[in-house]
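Using the sequences and the hints given, assemble the complete structure.
Residue numbers (our numbering): 270 to 346.
Cross-link-like lysine-lysine pairs, in silico, BS3-like; alpha carbons within 27 Å at most:
| # | residue 1 | residue 2 |
| --- | --- | --- |
| 1 | Lys341 | Lys272 |
| 2 | Lys345 | Lys272 |
| 3 | Lys303 | Lys317 |
Here are the simulated distance ranges between beta carbons:
| # | residue 1 | residue 2 | range |
| --- | --- | --- | --- |
| 4 | Glu301 | Thr278 | 16 to 22 Å |
| 5 | Asp285 | Gly332 | 23 to 29 Å |
| 6 | Val329 | Ser274 | 31 to 37 Å |
| 7 | Val293 | Asp342 | 28 to 34 Å |
I should point out that these hints are in silico values taken from the structure, not numbers from a laboratory. Computed from a predicted model, the values in this text were never measured in an experiment. Positions of the beta carbon are idealized from the N, C-alpha and C atoms, including for glycine.
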Amino acid sequence: MAKSSCPVTRAEFLRDAQPVEVTVNGVPMTAEVKEFSTGSLGWHLNGKSNIKVGDKSVSVQIGMNLTIVGSKDLPKQ
Numbered sequence: 270m271a272k273s274s275c276p277v278t279r280a281e282f283l284r285d286a287q288p289v290e291v292t293v294n295g296v297p298m299t300a301e302v303k304e305f306s307t308g309s310l311g312w313h314l315n316g317k318s319n320i321k322v323g324d325k326s327v328s329v330q331i332g333m334n335l336t337i338v339g340s341k342d343l344p345k346q
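Here it is, written out as structure tokens:
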């Protein structure tokens, strides 16, 4: 697969990006703007919730990264 270029600059992302609302099993959560240690840009969400399995509730750990394709290759500031 060919590499995609990122349509925003690192500065534009850090200045303009807003948190992203995500719903997990009906529970609203917020993914925060993040510059990852790899240099990629995106959003990160970490939390806990409960999910029903049959008639029982299980506790789950939630971790989600939304990474902008091609952002790792953007010039550093």
